[in-house]
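Spelled out, the chains give:
2 protein chains.
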Amino acid sequence: MAKKKTKKTAKKPPVEKNPPKEDSSLVTFNISKESNFSEWFTKIVQTAELADMRYGVKGFLVYQPWSTIAIKKMFDLYEQELDDFGHNPVIFPMVIPESNFQIEADHVEGFTPEVFWVTTAGKGDILEERLALRPTSETAMYPLYSLWIRSWRDLPLKLYQSGSVFRYEGKSTRPFLRGREFIWIESHNVFATMDEAIAQTREDMQISFNVMNGRFGIPFIQFQRPEWDKFAGAVHTYAADTLMPDGRFLQLPSTHLLGDKFSKAFDINYMDDEGESHAAFQTCYGPAISRIFGGMIAVHGDDSGLIFPFEVAPIQLIIIPILAKKQATKVKAYAEELKSLAKAMGYRVHIDDSDRRPGDKYYFWEMKGVPLRLEIGRREAQEGKVTIFRRDTREKTLVTRSELKTTIQEMGANLDKSIKRRAQDFFDSRLSRADTLDELVEQIKARKMVKIPWCSIELDGEPCAEEIKDQLAGAEVRGIDVKEKEVPSKNEKCFICGKQAGCFVYVGKQY
Amino acid sequence: MAKKKTKKTAKKPPVEKNPPKEDSSLVTFNISKESNFSEWFTKIVQTAELADMRYGVKGFLVYQPWSTIAIKKMFDLYEQELDDFGHNPVIFPMVIPESNFQIEADHVEGFTPEVFWVTTAGKGDILEERLALRPTSETAMYPLYSLWIRSWRDLPLKLYQSGSVFRYEGKSTRPFLRGREFIWIESHNVFATMDEAIAQTREDMQISFNVMNGRFGIPFIQFQRPEWDKFAGAVHTYAADTLMPDGRFLQLPSTHLLGDKFSKAFDINYMDDEGESHAAFQTCYGPAISRIFGGMIAVHGDDSGLIFPFEVAPIQLIIIPILAKKQATKVKAYAEELKSLAKAMGYRVHIDDSDRRPGDKYYFWEMKGVPLRLEIGRREAQEGKVTIFRRDTREKTLVTRSELKTTIQEMGANLDKSIKRRAQDFFDSRLSRADTLDELVEQIKARKMVKIPWCSIELDGEPCAEEIKDQLAGAEVRGIDVKEKEVPSKNEKCFICGKQAGCFVYVGKQY
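Protein chains in written order, with numbering that gives the first Met the number 0: chain A, 0 to 510; chain B, 0 to 510.
By construction, these hints were calculated from the structure, which means they are not laboratory data.
Here the structure is a predicted model, which is why all the values come from computation and not from measurement.
Misleading hints may appear alongside valid ones.
Note that the list lumps identical chains together, so a pair holds whenever it fits in one copy or between two copies.
[Stated by the list, open to error] Pairs of lysine to aspartate or glutamate, DMTMM-like flavour, derived with a Cα cap of 20 Å:
(1) LYS71 x ASP82
(2) LYS444 x GLU48
(3) LYS325 x GLU374
(4) LYS72 x ASP83
(5) LYS338 x ASP82
(6) LYS338 x ASP83
Excised from the complex, chain A in its bound form (with noise of 0.2 Å):
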C-alpha cells in the first residue's frame, strides 16, 4: 500500500488533469478586467478554485470551497437581515405537483418553458401526477398560505426560505451568473391590505440596499421594471441592476408586488374583524445568492484575481511565515501565536506553510483575493512586531502585536469602504444621458447605461422598446430609477414614436 510521503516528485503530470499545487504556485494571475472581461471571469473562476464547470450536465455547476465558503457567509448575513426585519424561515419541497403549477395563468405561461419534470420513479413506475423541479415557490407555498391564513390575526404572514431553484433555460449559462440551477433566497409575503403589500416591496428594496450594497459593497440603480418585463403574474416588478465591467447590466434581486392576483387563484383569504371575507395581497422577493456571488466578484476583482469584501472573505488573514535559515523555529512558532490570537478575535485565518516561495504565495492569495495579509519575517518574530499588507491598495503596514486587533479590524472595514468606493465610482462613471438617439446609439456603443426621456413603461411602450432593442444590438429598456425624481419636460419626446414622453428610463445592455 502506498505511503504519503513529503519528497517531491519529479514527475510530470498527465496532460489531461489539472496540474499539482506546488507546480502550479508560479501564479501570476494578470488579465484585464475591464478591456477583457469575459476572458478574465472564465479564467478566474478556473485559477481561483471557485467553481468547476465539468458536471456534465449544461447549465448545472459544482462550487469548490473557495465560493462555497463565501456563499455561506453571503446568506447567513442576507438571513439574518431578513429575520431582524420580522421574516421566518421554512423549508418548502422541492418538487411542485403539476396540479399546483397550473393554478395561477400568467405564472404557468410565463414558467412553464422553463420547468424539468420529474415523471417516473424506482424501476420504472409512472408517476400519477408529474412533478416540476420548482423554478420559484408561488406554487408551492400558496396552497399552504391558503390553509394556515384563517383572519386577519394571522397577517402579515412572512416567510422566507433558502435553496435551489431550476430553470430550463435557453440562454447560454454562466457559472454563477446564468445557470439552470442556482441557489437563492425566495421571500413569501402575505397582507391585509394592497398598502402594506406595496410598504413590503419597499422593505425588500431596503434590504437590497442594506445587504448587497452595505455588506457586500455592489453598486446598484433599484428600478421598476416595464409592465413587458414583469415577474410571471405580478402587478409590478422593482429589480436590482449592477453593472459588469463590460458595461452591461446584471440583474439582482427583484421584488414583486402581487397584489391579489395569486390570493384569488389560490384561495389565500382572511377574515377581518366584523366576519368578513377578503382576499390577501402579496409580494415575494428574490436575492440569488449565487448570482450575487458572481457579480460581486466581478464587480470587486481586479486585474490581479479576486477582491473579496472582508466579511465575507473566505479567508480572511492569510499568514505567510518567511523562514530564513536562523530563526525558522522561532518564526514559525510566532505563525502559530498569531494566527491563535486573530482565530480568538473571530477571524477565518490561514497559514501557508507550504515549500513554495514567499514571493509565489503573496501572488497566489492575492489572486484568491483574501483582504489581508500578515506577513512574518526574522524581524517581526524579533520584535513582536507583523507587516499587514491590505489586497486593494497593496499598502503595507507595520504593527506590534500589541496593535493587531485595532488595525486588523480598521484595515478591514477600510478596505470594504474603498472597494465601495471604487465600484460606485466606476458605476457612477458608466451612467449617462441622451437627449437625442443618435446620442443614445453612441452612447450604448461606448458602453453606459443611459437615461432617456420615454413614452410610457405601460404596455403601450412596449413596441418602441423593441425598436430600441432591434437598433441598438440589444440594448434594453431597464425601467424607471425609483429614485427618480426628474420630470420630463414638454419639450421631452420619446426618440422612437415621437410622442410626449411620460418618464425617463435607463437603457443599457444586459449580461
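Could you slot chain B onto chain A? The hints should help.
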C-alpha cells in the same frame, strides 16, 4: 379595504381551516409519550407547528418556522464540527446524469429502486439523458474527484455538502423520521491509504458523538452493521442507533468505509512520490439533520410537549409579562428592558404580549419546548428581579437583574445536562441481554434492545437474521457495538443455528 385591528372577533372559524391563534391559546398538551408515542409524535408535530403534512405529494414535508430555526442551528453546529476536523464545504448539483449514476454496480443495484427521474423539460422536450434526483451524491461527486485528484499532494480530500436528497421510499413515511425528501449533510473523503480511510470512519463516529450526544443530548450505540445491511457499495457500514420512546431503534448517522470500490469504478487515482499510480481509498458519512431533529424531539419531549436543548431552541427565552391593572406600563417597560438585555447576550428571546391569560401562555410555550421562561409581574418590576422557570424540571428561581446573565447560562447548561442524563437513563433502561431464544422473545415483547450471542455478521449469518425476523415479528440484528469488549465463551451458541457464537449483537425492532 380591511384594516387590521386588535379587537377579538366572536366569529367561529370555518371547520376546514386551522383555529385562529387566540382561540387555540388553551393548549394543554397532555399525551403520554411512553405509552402512546405514535399519537404523541403526530400530535406534537401539528400542535407545535413543526411541520405541515398537507403538501399533497407523498413523503414531502413542509417545515414550518418552529422546526426550521432549530434545524438551521443544528446544521450550523454540525458544519462547524466538520470544519474543525478539516472538512471543507462544496455544493454539487441536485441532479445526476444517468450514465454517472450507473457506474458502480452495487450502488446502482441498491439505489435504482429509490430514484426519481427527470425526463422532460419545457414544453415537451425529452432530455437527451435522464437525470436522477440525487438519492445520495457519490455518483455526482466522484467523477469530479477523479479530475481533482492527481497526486498524493491532493490527498486527503475531505469535502461535505448540505442539502436535500430524494428517495422513492416504499415504506410509510413519517414527518422528519422517514420521507421521500430529506435534508442532510454528506461528507465524502479520499485518502492515499486504507488505514487513513479507516481512521476517518472513527473520526466520523467521534463527530457523531460530539454533536449528537454532546450538543443535542441524544444517546446512541454505534454499530458495525452486518454484511447484509450495508450501504450499497460499501466495505463496512457503521451506524448510530438511538431508541424511540416505544423501544424501537432509529438509525441516525452512518459512516461507510468504501475502500477502493468506488475509486476503481470512478477512476480516482493518485500518483505516489515515485510516480506510480494507485486507486485511492474512500469514506462517506451522512448525518440526516431532518431525521436527527425528529429523533431529538422524540427523545427529549415529555407528556406536556417539546423540550429543546438550550442551544438549538428556536426561542431560548420566553418573557411573559403579567399585567395587573396597576403598573402595567412599568411591567411592559421592564419586559422590554430584559429582552434587550438578553438579546445583547446573544440569546433568541421573545416577549409574549398577546392578550391571552398568563396561564395559557405558560402552557403554550411549555408545549413549544422553550427551555427558560422569564415571568415578570409587578413585584419583579418593582424589585428589579425576575422569576425564571425551567422547562424540564419545572423549577422556578427568583433572581435579581444583575444575576440574570450567570443564571441563564447556568440554567441553560443544567437543562442540557439533565435532559441528556434523563435520555441516557431511559436508553440504558431499555438495554438488556438474553441467554436463550425464549428470553429474547420475552425481552423483545417488553420493547427492549437485546444483546445476544451470535454466529456471524458476515453473509453466512444472514439466514439466522431472517429467521429472527420471522420469529420475532420483524426484530432485526442491528450489528456489533463498536465498543464491545466481550468475547463469547465456548458455551455461547447462536440461538438459531446453534453454531459457536462469534460475536455479540443487538436485536431490536426498527422504527
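Evaluation of the provided hints:
1. LYS71 x ASP82: both (16 Å within a copy, 13 Å between copies)
2. LYS444 x GLU48: neither (34 Å within a copy, 57 Å between copies)
3. LYS325 x GLU374: within (17 Å within a copy, 65 Å between copies)
4. LYS72 x ASP83: Both, since 17 Å and 17 Å are each at most 20 Å.
5. LYS338 x ASP82: For LYS338 and ASP82, only the inter-copy Cα distance (16 Å) is at most 20 Å; the intra-copy one is 33 Å.
6. LYS338 x ASP83: For LYS338 and ASP83, the Cα distance is within 20 Å only across copies (15 Å; inside one copy 33 Å).
When the structure is compared with the earlier hints, a violation turns up for hint 2 alone.
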